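Peer 1: The chain contents come next:
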Amino acid sequence: MSDSLIDVQIDGKWMQFPKGTRMIEALREAGKLPPHYCYHPKLSSPGNCRMCLIEMGMPPRPAPGQDPPEKDQDGHLPIQWMPRPVISCANTVAPNMGIRTDSEKVVEWRNGVMEFLLANHPLDCPICDQAGECRLQEFSVGHGRGHSRFREQKVKKPKNVPVGPAVRLDVERCVMCSRCIRFCDEVVEDPVLGFTDRGSHTVLDVHPGRELDQNYALNTVDICPVGALTSNDFRFQMRVWFLKETNTIDVNCGTGCNIVVWTRGNEIYRITPRRNDEVNSTWMPDSHRLSFHALQGDHRLTEPLLRDPAAPGAGATNPSPHRVAQWPEAIGRLALELKGFEPGEIAIVASARMTNEELYLARKLRAALGVGLLDVVPRQGEADELLISADRNPNTEGAKLVLGLKTPGSGLNAIRQGIADGRIKAVLALQEDLLSQQAGFTSEQLGKLDLLASLHLATNDTAGAAHVVLPGASFAEKSGTMINVSGRLQKLNRAIQPPGRAMDDWEILRDLIQALGAGNGLYQISEVFKAMADDLETLREEGIGWADIGDLGHPLIDTGVRIPLIEKERRRREHGHITG
Amino acid sequence: MATVVVKRPKLSLAEKLYLPALLGGLRITLGHAIRILRGRTKVTMQYPEERWDSHMPEHYRGAPALVTDEHGRERCVACQLCEFICPPRAITIKPEEIPSDDPWAKVEKRPRAFDIDMIRCIYCGMCEEVCPEQAIFLRKDYAITGLTRGEMVHDKSKLYQIGGVRKGLVNKWNPLK
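Line by line, the protein sequences are chains P and E. With our numbering applied, the first sequence corresponds to residues 73 to 652, in that order. With our numbering applied, the second sequence corresponds to residues 71 to 247, in that order.
Hints are computed from structural coordinates only; laboratory data are not their basis. Everything numeric in this text was worked out from a predicted model, so none of it was measured. Hints should not be assumed to be uniformly reliable.
Over 12 Å on every C-beta distance to chain P, these chain E residues come out as not near it, computed from the model [as the list claims (entries may be wrong)]:
1) Arg-110
2) Tyr-130
3) Thr-138
4) Ile-214
5) Gly-238
Across the chosen pairs, the derived CB separations fall in these ranges [stated by the list, open to error]:
6) Asp-211/E / Arg-100/P: 50 to 60 Å
7) Asp-533/P / Gly-234/E: 48 to 58 Å
8) His-649/P / Trp-174/E: 28 to 38 Å
9) Arg-190/E / Gly-412/P: 18 to 28 Å
10) Asp-211/E / Lys-316/P: 46 to 56 Å
11) Glu-221/E / Lys-316/P: 31 to 41 Å
12) Gly-204/P / Glu-166/E: 11 to 21 Å
Glycine included, every Cβ here is placed at the ideal spot set by N, Cα and C.
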């Protein structure tokens, strides 16, 4: 037996755990996770919901002069059970400790706690958004009575309170677990929530003159075990049991928070963070969480568009209108026109918002055309010392790796200069609006081009000016991999289908390369990954396949960049403030 | 496989001849024909001038409909349980929040749209059974007709029109409680 491991008996079975393990974590490992509301592995444990009660026992301590207890044949001391319950979330295991989770007493204690929690509950599940993922509902099945013995008037408390721009509070549903209070205090370090009054009149409230207006406020809705805090954005949109969950990653900044996309039919209803201790713990910023609304609407491109060449009098100021084309026609026309240029006359502006696979195919496209100029548009923002990275491109590291760029964006000037000089006559814009501030092209420059082809997911000025417009897919509609700021290879999974006849970007690029005569026989995203892994030394050395990446990603390169929130969490874990 | 031995009935001579049975049948038919011609019995009901409505049993399951209570409140809170339970997926609900100036704002939620596709509906009554708000009931309407598929979808106003007002239900949203 190692020194750091101690013996603990759980429901009659002896197991070993590291010293200092919380009982609840030991029970989780034993597959006997007790019901709980207030305990959260990423927050401190105040032990105020009292739901995770267990029966605990220790070896008897002999009185002076009494014989010490004898060990049994396996070397364990007998256990003397304590008559009173113990909460498992705030206590650690001890040598030769016994824990019972299924004894008659434990069941009775938990049933009692459950009855008290439900005494003042409004029982409005039909209108409560939490229904279907509510801990009160779940534990009522195992610990509820099914009827109420409470004959008194229920305590009236504030309902439907807007505590912040994103969050609604219903205190009658609250079980006073204080998870949200601790989240604001410990993770965001902006303690705006708190309890007032006592006993059954306790009320969760926001500090006078303040609002729950942090960019992380919606995480309180996620961790709320009941329907007390609900999201204004998702409020009454859809019952959760209709929604399909797809694990993927966020693409709004370089951190690449792990997320779950909740969809029904072909519509996204909400996005929630997914636990990944190396990337985003269990949190995500609201600005990223709500960004999916921009993907849904009439502004999405749904058909390939072509501008027929030179109607008489048509020019840069007065172009002939776009017309809807079929995919083979659009791709064929683009390939044909590209072949008409000298390699030096073409430039590709790709995007660090594209997946590695798409960037790899962009590289293939460059090789097929012999293009020299290929760069991505850098996108900088403000970092927030928690999860939002200053790099607002989700795949800058991937662009560096796949395209071999040293400083992404450094070649854009050469492209702009080339257009101004008239050396560059054709530009391919992949998922980038060239007329945006970050890209910094001007409409005069684009007007000089003989061919402007663009791949976008929504209408923008570049698409308006382009001769060929190809409708691409948003992050929720595509599969692929990205590398985040810390060098972790993470997977995107398709949650919904692209709208109309829009296609996954890698398929468009593959079709274009094939139309240019460089056949590649790629039919699945995993084949693209394999081809890329064979080509790139870093991936080849890692020996990683599409199936090996998994939901939590795979550390690929060490960029030296650390995510501030994860570093903070590591320190808190080392100090024993949190367990997870 | 188990073998079942079937005993064939022994037929008498009269039965083997068929003719007596045939004549017996003819006698019944002829009897009915004569009685109808004399106006003694009536077999056909003149639908739609005459209807079954008065003969309908209490448990008859016709078209599902939404009801309001005696306070004029629409009872449905758009919990979508009927949409979930509906075996042929005939029900589609779009919920919305009740605006704060509404007298029933405390109920918080109501359906913005409530569609039942009566081409799909199989009149099973599960929606009524699952409803936690006593808001949907199967009525005795059985003649659901229309000239287009669109007409066969009952929207919210049509459902309330069929359902009407129901009194004596549990009023759990009453201000007193």
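Peer 1: Take the hints in turn and mark each one as holding or not.
Peer 2: Hints and how they fare:
The Cβ of Arg-110/E lies farther than 12 Å from every Cβ of chain P, with a closest approach of about 57 Å, so its non-interface assignment holds. Residue placement check: Tyr-130/E keeps its beta carbon more than 12 Å from all beta carbons of chain P (closest about 27 Å). Every Cβ of chain P is farther than 12 Å from the Cβ of Thr-138/E; the closest lies at roughly 17 Å, confirming the non-interface assignment. In this structure Ile-214/E is separated from chain P by more than 12 Å, as the shortest Cβ-Cβ distance comes to about 26 Å.
The claim that Gly-238/E lies off the interface holds: its Cβ sits roughly 20 Å from the closest Cβ of chain P, which is beyond the 12 Å cut-off. Separation of Asp-211/E from Arg-100/P is about 55 Å and conforms to the stated range, judged on CB atoms against 50 to 60 Å. Evaluation of the 48 to 58 Å hint for Asp-533/P and Gly-234/E yields a pass: the beta carbon distance comes to about 56 Å. The hint said 28 to 38 Å for the Cβ distance between His-649/P and Trp-174/E, and at roughly 46 Å that hint is violated.
Taken as a hint, the range 18 to 28 Å is violated for the pair Arg-190/E and Gly-412/P, whose Cβ atoms sit roughly 55 Å apart. Checked against the hint of 46 to 56 Å, the C-beta distance between Asp-211/E and Lys-316/P comes to roughly 36 Å, which is inconsistent with it. One distance hint, 31 to 41 Å for the beta-carbon pair Glu-221/E and Lys-316/P, holds here, with the actual separation near 32 Å. Checking the proposed 11 to 21 Å range against Gly-204/P and Glu-166/E shows it holds: the Cβ atoms sit about 19 Å from each other.
Hint violations for this structure: numbers 8, 9 and 10, all remaining hints satisfied.
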